[in-house]
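4 protein chains.
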Amino acid sequence: MNIKAIQKQLSNFADERDWDQFHNPKNLAMALSVEASELVEIFQWLTPEQAKAIMSSGENEHVKEEIADIMIYLIRMADKLNVDLEKAVTDKIAKNAEKYPIKLAGKRQC
Amino acid sequence: MNIKAIQKQLSNFADERDWDQFHNPKNLAMALSVEASELVEIFQWLTPEQAKAIMSSGENEHVKEEIADIMIYLIRMADKLNVDLEKAVTDKIAKNAEKYPIKLAGKRQC
Amino acid sequence: MNIKAIQKQLSNFADERDWDQFHNPKNLAMALSVEASELVEIFQWLTPEQAKAIMSSGENEHVKEEIADIMIYLIRMADKLNVDLEKAVTDKIAKNAEKYPIKLAGKRQC
Amino acid sequence: MNIKAIQKQLSNFADERDWDQFHNPKNLAMALSVEASELVEIFQWLTPEQAKAIMSSGENEHVKEEIADIMIYLIRMADKLNVDLEKAVTDKIAKNAEKYPIKLAGKRQC
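Residue numbers (my numbering), protein chains in the order written: chain A, 108 to 217; chain B, 108 to 217; chain C, 108 to 217; chain D, 108 to 217.
Derived from the structure by calculation, the hints contain no laboratory data. Careful, some of the hints might be misleading.
Because identical chains share one entry, a pair is satisfied inside a single copy or across any pair of copies.
Derived BS3-like pairs: lysine-lysine, alpha-carbon spacing no greater than 27 Å straight-line [to be verified]:
no., residue 1, residue 2
1, K187, K159
2, K210, K199
3, K206, K187
4, K194, K115
5, K210, K187
6, K206, K194
7, K206, K115
8, K115, K202
9, K199, K187
10, K194, K111
11, K187, K111
12, K115, K199
13, K111, K159
14, K202, K111
15, K202, K187
Just need the whole structure built from these sequences, with the hints factored in.
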């Protein structure tokens with residue numbers, strides 16, 4: 108995924124509509140959490156089995172759109188805060204590996 | 108960003124710890140929303156100006172980690188649901204451009 | 108506020124519609140968080156000044172409804188988990204007073 | 108539950124610590140959503156059966172505290188916005204009864 112290209116696209120999108128004024132990181136964090144909840148909402152009354160079958164249901168496009176909405180705000184926020192997304196992910200996976208070593212993993216959930 | 112490589116890494120990480128049993132999409136959506144709220148929490152008492160300066164504050168590493176946590180669950184969820192993240196984002200940006208045409212954009216916020 | 112009376116009303120409401128099957132605490136926690144995000148969404152692009160004036164705007168009924176939705180799920184969840192809401196609140200305020208003693212309060216935000 | 112008494116208590120609590128400056132409705136909505144996610148987090152990896160048994164687990168006090176945190180922010184927000192909580196709940200239950208009439212309820216979930 109070409110993060111920088113998407114960031115340029117989203118930056119232009121916001122500028123063309125004079126929306127950059129609203130895109131401070133506090134507002135972007137709120138907007139991102141709202142989209143994350145729209146994804147939760149699709150699953151809230153489903154059993155785990157129904158949840159696993161979601162992409163074979165009438166909600167598959169809805170799921171893709173909410174996932175995209177979260178990704179869009181995350182990429183936009185990383186741009187405004189100058190966070191290298193790929194490095195942040197790599198660093199965190201490494202940190203998680205130390206926090207949850209394999210031999211003790213059975214005792215903790217993540 | 109090499110999404111497939113990260114998905115392989117996360118899949119191995121979960122398998123090594125026998126965590127795949129917890130990774131149905133309902134639980135992953137919940138976990139993702141929890142991480143999104145941990146990002147919101149960093150900003151909740153800040154003014155917009157303090158929010159814009161967050162990466163010059165003692166919270167810059169915390170911000171990067173929460174952004175990474177959200178991305179990790181998003182990438183994992185897309186893998187479990189077989190969603191092409193890049194296509195989902197491209198499609199949604201196109202849909203947003205239709206929903207918020209430039210000449211009417213001043214009247215709506217996003 | 109007569110919590111027990113509202114709990115009886117909500118219990119009947121769910122039974123009449125055969126919805127109790129969906130009201131396990133995991134689902135109720137999800138639904139409550141979704142409503143909390145619907146309240147956040149009203150404010151996400153507003154300045155602090157615009158936020159303070161929200162009840163004089165066209166969104167005042169929307170705010171009341173989202174606040175009610177959160178309260179309804181909270182009261183329902185407390186009923187299903189047999190949590191005494193009033194006692195839980197009293198206990199937590201007391202715990203907060205110890206955690207944030209007045210003379211040190213200026214150094215921490217809540 | 109004596110809402111006005113709790114509101115007085117919370118108002119004094121904030122004033123004693125000079126925290127009222129942070130309590131605009133935008134920040135309070137964010138804080139409330141963060142607490143709602145802390146409640147979700149308790150359940151995120153649990154099966155529905157484990158979720159139903161939560162109050163017999165080591166997490167019962169944690170659940171009570173998160174429920175209390177959400178209620179505290181809700182009561183505080185209603186005070187700052189001058190929303191009558193009891194009336195808002197009564198009105199919304201009535202509105203829900205119209206939106207989800209009993210004979211059609213089997214086809215929709217809430």
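Here is how each hint holds up against the structure:
1. For the identical chains of this complex, K187 and K159 are inter-copy neighbours only, at 9 Å across copies versus 35 Å inside a copy, given an alpha-carbon limit of 27 Å.
2. In this homomeric assembly, K210 and K199 come within 27 Å of each other (Cα to Cα) only inside a single copy, at 19 Å, whereas the closest approach across copies is 37 Å.
3. Proximity of K206 and K187 under a CA criterion of 27 Å is satisfied inter-copy only: 24 Å between copies versus 29 Å inside one chain copy.
4. Taking CA atoms no more than 27 Å apart as the test, K194 paired with K115 passes in both settings, with 19 Å inside one copy and 17 Å between copies.
5. Taking identical chains as interchangeable, the C-alpha atoms of K210 and K187 lie at most 27 Å apart only when they sit on different chains, with a minimum of 25 Å there against 39 Å within one chain.
6. Taking the closest pair of Cα atoms, K206 and K194 come within 27 Å of each other only inside a single copy of the chain (18 Å); across copies the shortest separation is 33 Å, beyond that limit.
7. Within a single copy, K206 and K115 get their C-alpha atoms only as close as 35 Å, which misses the 27 Å cut-off; across copies the closest is 20 Å, which meets it.
8. In this assembly of identical chains, K115 and K202 lie within 27 Å of each other by CA distance solely across copies; the values are 17 Å between and 30 Å within a copy.
9. Both within a single protomer and between protomers do K199 and K187 lie at most 27 Å apart by alpha-carbon distance, with minima of 20 Å and 20 Å respectively.
10. Taking the shortest alpha-carbon separations for K194 and K111, both the intra-copy value of 14 Å and the inter-copy value of 16 Å come in at or below 27 Å.
11. Taking CA atoms no more than 27 Å apart as the test, K187 paired with K111 passes in both settings, with 12 Å inside one copy and 26 Å between copies.
12. In this assembly of identical chains, K115 and K199 lie within 27 Å of each other by CA distance both inside one copy and across copies; the values are 25 Å within and 15 Å between.
13. For the homomeric pair K111 and K159, the shortest alpha-carbon distance between copies (21 Å) is at most 27 Å, but the shortest distance inside one copy (33 Å) is not.
14. Taking the closest pair of Cα atoms, K202 and K111 come within 27 Å of each other both inside a single copy (25 Å) and across two copies (20 Å).
15. Proximity of K202 and K187 under a CA criterion of 27 Å is satisfied in both settings, with 24 Å inside one chain copy and 23 Å between copies.
No hint from the list above goes unmet by this structure.
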